[in-house]
Structures are given as C-alpha cells and as structure tokens.
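Protein chains in written order, with this note's numbering: chain A, 1 to 210; chain B, 1 to 300.
Hints were generated in silico from the structure; no laboratory data involved. Please read all numbers here as calculations on a predicted model, not as lab measurements. The beta-carbon is built from N, C-alpha and C at its ideal position, and this holds for glycine as well. Incorrect hints may appear among the rest.
Said to hold, decoys possible - The calculated lysine-lysine pairs, modelled on DSBU-like cross-linking and capped at a C-alpha distance of 35 Å, are: (1) A/K92 / B/K104; (2) A/K95 / B/K116; (3) B/K138 / A/K188.
What the hints assert, rightly or not - Per label pair, the in silico range of CB-to-CB distance: (4) B/R68 / A/K153: 39 to 49 Å; (5) B/R223 / A/C39: 30 to 40 Å; (6) A/D181 / B/R223: 32 to 42 Å; (7) A/D181 / B/A27: 27 to 37 Å; (8) B/R108 / A/K128: 15 to 25 Å; (9) A/R179 / B/R223: 26 to 36 Å; (10) B/A97 / A/R179: 39 to 49 Å; (11) A/R179 / B/S2: 20 to 30 Å; (12) A/W165 / B/G251: 26 to 36 Å; (13) A/F155 / B/K222: 27 to 37 Å; (14) B/E73 / A/E13: 58 to 68 Å.
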Amino acid sequence: MNKWQGWRKIRYESELDPDFASEIASIPGGDKLYSCIQCGTCSGMCPLSPYMDYTPRQIIAMIRAGFKGEVLSSYTTWLCASCYSCTVECPKEIKLTDIMYAAKRLAIRGKVYPKRFPTPVLAGEFFKAVEKYGRSSESWVLVNLFMKTNPLKVFKQMGLGLRLWSQGRLSPKREAIKRRDELKSILKVLEKEHMVKDKEEMITAGKEVV
Amino acid sequence: MSYIYYPGCSLKSTGRAYEESLLAVFAALDIPLKELEDWNCCGATAYMSISELKAFALSARNFALAERQNGEEDYAEMVVPCAACYLGLNKAHRYLAEYPELRKKIDRALEAGGLKYNDKVHVRHPLDILVNDIPAEKITSQVKKPLEGIKVACYYGCQLVRPYADFDDSHNPQTMDKLIKLLGGEVVDWPLKTRCCGGSLTGTVQDVGIRLSYVLLAEARKRGCDIVATACPLCQFNLECYQKRMSNLYGQELNLPVLYFTQLMGHAFGLESRKLGLNRVFIKPSRVFSKKEGGQYVNS
Numbered sequence: 001m002n003k004w005q006g007w008r009k010i011r012y013e014s015e016l017d018p019d020f021a022s023e024i025a026s027i028p029g030g031d032k033l034y035s036c037i038q039c040g041t042c043s044g045m046c047p048l049s050p051y052m053d054y055t056p057r058q059i060i061a062m063i064r065a066g067f068k069g070e071v072l073s074s075y076t077t078w079l080c081a082s083c084y085s086c087t088v089e090c091p092k093e094i095k096l097t098d099i100m101y102a103a104k105r106l107a108i109r110g111k112v113y114p115k116r117f118p119t120p121v122l123a124g125e126f127f128k129a130v131e132k133y134g135r136s137s138e139s140w141v142l143v144n145l146f147m148k149t150n151p152l153k154v155f156k157q158m159g160l161g162l163r164l165w166s167q168g169r170l171s172p173k174r175e176a177i178k179r180r181d182e183l184k185s186i187l188k189v190l191e192k193e194h195m196v197k198d199k200e201e202m203i204t205a206g207k208e209v210v
Numbered sequence: 001m002s003y004i005y006y007p008g009c010s011l012k013s014t015g016r017a018y019e020e021s022l023l024a025v026f027a028a029l030d031i032p033l034k035e036l037e038d039w040n041c042c043g044a045t046a047y048m049s050i051s052e053l054k055a056f057a058l059s060a061r062n063f064a065l066a067e068r069q070n071g072e073e074d075y076a077e078m079v080v081p082c083a084a085c086y087l088g089l090n091k092a093h094r095y096l097a098e099y100p101e102l103r104k105k106i107d108r109a110l111e112a113g114g115l116k117y118n119d120k121v122h123v124r125h126p127l128d129i130l131v132n133d134i135p136a137e138k139i140t141s142q143v144k145k146p147l148e149g150i151k152v153a154c155y156y157g158c159q160l161v162r163p164y165a166d167f168d169d170s171h172n173p174q175t176m177d178k179l180i181k182l183l184g185g186e187v188v189d190w191p192l193k194t195r196c197c198g199g200s201l202t203g204t205v206q207d208v209g210i211r212l213s214y215v216l217l218a219e220a221r222k223r224g225c226d227i228v229a230t231a232c233p234l235c236q237f238n239l240e241c242y243q244k245r246m247s248n249l250y251g252q253e254l255n256l257p258v259l260y261f262t263q264l265m266g267h268a269f270g271l272e273s274r275k276l277g278l279n280r281v282f283i284k285p286s287r288v289f290s291k292k293e294g295g296q297y298v299n300s
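Please work from the sequences and hints to get the whole structure.
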C-alpha cells in the first residue's frame, strides 16, 4: 500500500513566472524551445531520466509554462551528464543540453540548487580553479569538492587516490598557465555579461517587440 | 602538414597514458605534433554551468594562440585528443561563427588580452586524422605485432560524435573500428558504443554514475569482448578505476582492461610498453595481449 502523500499541490497561474521561458530562450538558438511538440524522444533517449525527478520532456513543458522554482531547484538539470543524446535525436532540433546548462546557470546565480548536492559544487570548484590558474588540477578540485559536500568521502576515496598517485596519474602539483594576467583581463571584460539576460533587460526587450 | 597539439588538463594528470601513447604513435608514423604554447583549460562541462560566455572566451584564447603559433600557414590544425576538450573547442568554434552577437562580445574580451581570432583554426580529433588524413597503408606498414584474435569493443562515448558528427556517424561511428581492424584486431558488435558512461557523475552522484558505467561493461563482457578501447580520458577513468567497486556492488567480476586506442596502436606497432603508459593502468592487458592466434588464452 502506498502511503498517503498529502494534498495534491496546486499551482495557480498567478504564481508562475511568465518571463521564465524567454529568459531560457535567450541563449544562442534557444528560441527553438517554443517549437517543442512534447513527443518525449528526449526522455526516451536520456540514460539518466529514470533517476530524474522530472524528465527532460517535462522540464521543457514546465519552462514554457513558467514553473521557474520547480525547474531550477530540481535534480534533473544536475543529473544531466551532457551526453547530447536528446539534442541529437530531437525532431525539432531543440538544444536540450544547452537549455539544461542555462537552467544550471540560473540556479547557481539564484542559489536555489539542492543543498550539498555535489554537481553544482564541483562546477563551482572547477570554475574557481580555472579562473585563477587557467587550468584545472584534478586533485585539488576533487579534494575541495569532497570537503564541501561530504568530508568523510575524502577517506573513502583515499585508496583510489593513492593508487592513482603511485602510477603518476594524480599529483598535488598545481597546474597553471604562464600568462595568467592575459587570461584574467579577457575574462574580466565578460564579468558583468551573461548570455541569459537579467530579468529587467528581458522585460524591456519584450516591450520593444510588442 | 604540421599539427598543433592541444593536450587539455586531463592528459597531464589522470590521462597521462593517453598523451604518452598518442605522442609515441604519432612519432612512429612520422607526423609532427607541436604542443600549443601556454594553452588554457577548455572549460569542459563544468564551466558551461556557470558562465557560457567565459567558457567560449577560454576556447577563443586557445584559438588565437594556435593561429599565432601557426604563423603564416593557412589553417591551424588543432589536434584535440580529449573528448570533452574536443567538444568544448568545437562547440565554441561553431558558435563563434554562427552567432555574431556572441562573437562581438568575445572579440572585445580577446582584445583586452591583446589577442585576435581570425577564424583560421580547424578543431580535429586524432581518430579523424589517423583515418582521414593518413593513408591506411602507412598504418598497416607499421604493424609489427597484429592484434590477432583479440576482441575489442570500441567505445566512442558521447562527446566525440554528439552533438556534432563532424568526422563520423553519431549513431554508429566507425573510425575506431576501422583503425582496430587495420591493426588486425577483431571488433565486437556492441551497440552501446556511444552510450554515456556517466561522465563526472561517478564522482558526484556515485550510485548513478557507476551504474551507467557498469551497464556498458557488463554488456561488453556478455558479447565476449577482451578489451575496451576508448578515446576519452574520463571514459577510461570511469570504466577502469571503478571496476572493483562495480564488482562489489553488482556481484560480477568484470576484469576487463580498458585502454586508449592509441595504446592498442602502439602495442601493435611494437613500441615499448613503458612509452605507451601501459604501466599506468590498473587492469593489466598482458593476459589479453598474450592470446594466441585463434582466440585461445595462453595461460588460463
């Protein structure tokens, strides 16, 4: 017997975010989002959809309907391993993987991702390392990841780490590029810009179109 | 023609054997590879999750450096062995050409670093080069120890053939199969050759990631494969380093060596195993390599 799940959660149209779809659609080639026919090919192809709380097809429908909170805080986007099976098979050529990335970025900017869930933390650690050194050092990224999510895991992974180290496949050395200033000044220009536009910008853009 | 070699972060650490074997094989075939000077990270999948623009800028810097290093020559041919780097750079290459608005922003950023990108770069994978640029006779003439009787499962993974199938088919890719056949090996019919290995999920959400890798290996084993050949450092890591945990979790002893296709090539070319990084693998392939003609194991 299934346990009683509580009253069904009702969402009213007034609670939805009507700008969410255009926010996501502002990525390069993102307007294809509106041509989705809900065939479910993406969910069928996805090797991870059985583990997701919403399948990719549902995510697309929810983005279009404006379920911003549900989409950004779902596990779905963080389980996406970027294998591009959905993108290749989509009969409407929707770039689903790019849409997942866009949702990930919004979730990180809005800090609404599932707490202590390792995937966004890994992305953050990787980002910081590359921003600073220009290259990622796998050993450091992993140590920081485990420290921030589940410190006990450091010990669990120690055996594997040591074996890799003994084969010369993992080293505590920091990898870095020589001209770090050059890279820094390149990235600094893009500091304030985002592909997914800010909400205010979206609203003014929408007005112009109308 | 000279090629510019872009290693990427993985090939300098967990995937060192890939770099070693790739360089050894290209040297044996007499194809010069020059490492890109002061290359930076491609951004991989993680960077995209934070800032798409910056991820493209990282690739653009690499392109600008490659052009500069290439000098007057026509196009800079960048050889990118890691699948994630290959896709990251290839995607940036296409997006910069397709979306002028994005291009403007990236050009402005590059200018701040004193660099310029003029669209004179080709992003190539070693498989593409070995099959499409190099005549097959050149490869067969180098084969000294053919992989006779060895059944190989060619694993392409995701990002080599998806979303862009630039040099191969995205559903049933054939380049690695062709190469293995040239080396005298037998290719196992294995429909999972482009299914996802779980990528970085093996580190983040392990119960999901390891299961995805296990499915691939269990099927390969069922189809009688002796060895899995890969072209991606993350796939190689996932399929090899977690095998012990897989057998604990799913109660099946797999014991399948997982090698880079370049290591198999180098072995067939008769190169020294140390030069191919064969000392850096957990599951030693020696048992498979000593298989006699006709597919019988020598000592088992």
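Ascending list of hint numbers which this structure does not respect: 3, 6, 9 and 10
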